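2 protein chains.
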Amino acid sequence: MNISIIAFDEFTDIDLFLPWDLLKRVNAPNWNVQILGEQSYHTSKSGLTIPMHGNITLANSSDVVLFTSGPATRQKMKDTQYLSHFQLDPEKQMIGSMCTGALLLAAQGLLKGKQATTYPTAKKLLEGFGVTVVEKPFVVEGNVATAAGCLAAQNLVGWVIEKLLGTQVKETVLKSILPVGEGLSFD
Amino acid sequence: MNISIIAFDEFTDIDLFLPWDLLKRVNAPNWNVQILGEQSYHTSKSGLTIPMHGNITLANSSDVVLFTSGPATRQKMKDTQYLSHFQLDPEKQMIGSMCTGALLLAAQGLLKGKQATTYPTAKKLLEGFGVTVVEKPFVVEGNVATAAGCLAAQNLVGWVIEKLLGTQVKETVLKSILPVGEGLSFD
Chain Z
21 MNISIIAFDE FTDIDLFLPW DLLKRVNAPN WNVQILGEQS YHTSKSGLTI
71 PMHGNITLAN SSDVVLFTSG PATRQKMKDT QYLSHFQLDP EKQMIGSMCT
121 GALLLAAQGL LKGKQATTYP TAKKLLEGFG VTVVEKPFVV EGNVATAAGC
171 LAAQNLVGWV IEKLLGTQVK ETVLKSILPV GEGLSFD
Chain F
21 MNISIIAFDE FTDIDLFLPW DLLKRVNAPN WNVQILGEQS YHTSKSGLTI
71 PMHGNITLAN SSDVVLFTSG PATRQKMKDT QYLSHFQLDP EKQMIGSMCT
121 GALLLAAQGL LKGKQATTYP TAKKLLEGFG VTVVEKPFVV EGNVATAAGC
171 LAAQNLVGWV IEKLLGTQVK ETVLKSILPV GEGLSFD
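Sequences listed follow chains Z and F, in order. Take any residue in the first sequence, count from 1 to its spot, add 20: that is its number in this note's numbering. Take any residue in the second sequence, count from 1 to its spot, add 20: that is its number in this note's numbering.
Worth flagging that the hints you see were computed from the coordinates, not collected in a lab. Owing to the predicted nature of the structure, the values given are computational and were not obtained by experimental measurement.
Heads up, simulated DSBU-like pairs for lysine-lysine below, C-alpha to C-alpha not over 30 angstroms straight-line:
#1 F:LYS195 / Z:LYS65
#2 Z:LYS44 / F:LYS65
#3 F:LYS143 / Z:LYS195
The following block holds chain Z by itself, in its conformation from the complex (with noise of 0.2 angstroms):
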């Protein structure tokens, strides 16, 4: 089982680590996470350099792909060159994203006509790709899902853990971050 999380320059710290970080929390079988960028590191918004597990063409194979937000969606949504490394099918595999990460999933197509959320500042831009914006945290549509608002990974990666392995399996996971007395206790 191959889980992608696309990255990029300026990602949005949050928004690639909560993900990354829950689903490695997985114990089982060949449960082989990754994080695939254009070049082999790839700097936060915050600054912070991170090396790449691959390429993004890696994704094209992957059982699940998520896309990981930031400011330069806004330039890649329109980067023809860009999204031709992907072939991505929603019948084969489970597609998300996180906050602005939407508009990459809409300029490849996959939530045209369909619901969908995004960052707040995302909402115009995502509405011009024929997406119908809610307001809600996250948006499932077939196997194709979108989540807004950084902890809301926490549905993102709820709703993939879930389905390949069971609610037993997302529960501990997601129980494992919460607040000590607010989740998590001490028996």
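Following the hints, put chain F in place on chain Z, whose structure we already have.
Okay, now just chain F, sitting in the frame of chain Z:
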């Protein structure tokens, strides 16, 4: 204003990246957030290698020092050479921890006879330092604060920002990561 986050190998990803991103969202003059370690690079529990901004000794001249968490805290709490690098002063500095980072505060004598919180698996170890461990997401004792459960990073960061820059800045920063429709709105 220098805010230092202390990292080490096998740090818990969210416990570093969530405070980091939140603190970097502050837009204030001379607001410098840095990640400090013993080496130039440290690798997270999930396998991400990131560059440090400086050596841990810079913590001693920082206004705020926050310890992240991870399995290594169990060794480092007994590592007198490691601990000797820190000469922190809660009279002059704000000092805090995420999850098992509380063990490092305790090992420096910063929690003796005080209340604190930590990750459930470290409760007994923390009690071994003469700390009263309470099942709460966040505990403040003067200028020393402990948070537990990854999402309690919001409490820890909120405490720092509110104390240094006021309630309004704190609320703006914390709101920016809430899910759409559950704190963040399209208006």
